[in-house]
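**Student:** Whole structure, please, built from the sequences with the hints as guidance.
Protein chains in written order, with my numbering: chain E, 3 to 158; chain A, 3 to 158.
Since the hints were made in silico from the structure, they are not lab data. Check the hints yourself; a few may be wrong.
Claimed, not checked - Computed beta-carbon distance windows for the label pairs:
id: 1; chain 1: A; residue 1: Tyr109; chain 2: E; residue 2: Gly137; range: 31 to 41 Å
id: 2; chain 1: A; residue 1: Asn74; chain 2: E; residue 2: Phe151; range: 19 to 29 Å
id: 3; chain 1: E; residue 1: Glu11; chain 2: A; residue 2: Tyr109; range: 38 to 48 Å
To be verified - In silico BS3-like cross-links for lysine-lysine, where the CA-CA straight-line distance does not exceed 30 Å:
id: 4; chain 1: E; residue 1: Lys38; chain 2: E; residue 2: Lys7
id: 5; chain 1: A; residue 1: Lys23; chain 2: E; residue 2: Lys129
id: 6; chain 1: E; residue 1: Lys78; chain 2: E; residue 2: Lys12
id: 7; chain 1: E; residue 1: Lys157; chain 2: A; residue 2: Lys73
Fair warning: this is a prediction, and the values are worked out from it, not measured in the lab. Virtual Cβ for every residue (Gly too), placed ideally from N, Cα, C.
Protein chains: 2
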Amino acid sequence: MTSIKNNHEKWMKAAFREAEKAFEQDEVPIGAVVVKNGIIIGRGYNQCESLNDPTAHAEIIAITSAANTIKNWRLKDCQLYVTKEPCPMCAGALVNARINMVVFGMYDEKEGCCGSLYQLCRDNRFKHQLTVKGGIMEDPCTLIIHEFFKKQRKKD
Amino acid sequence: MTSIKNNHEKWMKAAFREAEKAFEQDEVPIGAVVVKNGIIIGRGYNQCESLNDPTAHAEIIAITSAANTIKNWRLKDCQLYVTKEPCPMCAGALVNARINMVVFGMYDEKEGCCGSLYQLCRDNRFKHQLTVKGGIMEDPCTLIIHEFFKKQRKKD
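**Tutor:** Here you go:
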């Protein structure tokens, strides 16, 4: 169990480093990585503001990047690590991409769809279901988002 | 009422032309347009296979394109027309993009999230809700998809 938890933390740290890039660029600090066979094949951080794109969430960018790496849109046997519970768009993207497991940091009671408001990843009416694990490195993943909004409020 | 219905059909025809482009490129034929103040500001058709990208649904491409056109990720006062009921990913994207209304052709009982399996666009726990109208040009939007799968089965 310890080694599984350590592995989760290892990859969540990589996702967290992506969130830090978002923070530095004045974007809501959420980061994600896609892992296959112990290798990161896709990374992403939230870039909605800089790209003027409401779909530019960390997960979407990491999934697109991973699929491009392996030249296949089906991300079989891949895990996605993300610092915040995915929204409906991103939870749907995980299902569409055939991701094997999603591991997230902070729970999101406002729009989380991997357990909080909905559990879109486990609905067997969809073509694909995946394993869901929340709360890994929850404190730092939550803190960086709180810090971001504190900084934004000071600016206003 | 007649003029509203005519307008819906006018824009759905534009979405349908996008679906035809997908058909010609051996992609599941689904098309979408984003309309603002009576002008198309974004178009898209399903390109999952050609782009190797599970997020390359018609709606996501049309939304990204529209947001790029107006240089703002908030697509206020915009309508999205799409030939098939959006999946969870795309329904979530409509909410994230603050789209004002979604109009779709074919209902999708397998993964539709604008009424069939879920109604993600009307959940007032999310930051934004939008008007949903289904069944516009339902027959041609359904037929083109059936034709596509018939063609694919012949290939196999």
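**Student:** Mind checking the alpha carbons of E:Lys157 and A:Lys73 for me, to see if they're no more than 30 Å apart?
**Tutor:** holds (23 Å)
**Student:** Hey, E:Lys78 versus E:Lys12, does the alpha-carbon distance stay inside 30 Å?
**Tutor:** Holds, because 21 Å separates the two Cα atoms, which is no more than 30 Å.
**Student:** Do the alpha carbons of A:Lys23 and E:Lys129 lie within 30 Å of each other, as the hint requires?
**Tutor:** holds (25 Å)
**Student:** Within 38 to 48 Å: is that where the Cβ-Cβ distance between E:Glu11 and A:Tyr109 falls?
**Tutor:** Given about 44 Å between the Cβ atoms, the range holds.
**Student:** Given a hinted range of 19 to 29 Å, is it respected by the beta-carbon distance of A:Asn74 and E:Phe151?
**Tutor:** holds (21 Å)
**Student:** Run the distance test for E:Lys38 versus E:Lys7: straight-line Cα separation, threshold 30 Å.
**Tutor:** Distance ~17 Å between E:Lys38 and E:Lys7 Cα, so the pair holds.
**Student:** Given the hint of 31 to 41 Å, check if A:Tyr109 and E:Gly137 actually sit that far apart at their C-beta atoms.
**Tutor:** holds (37 Å)
Every hint from the earlier list agrees with this structure, and none is contradicted.
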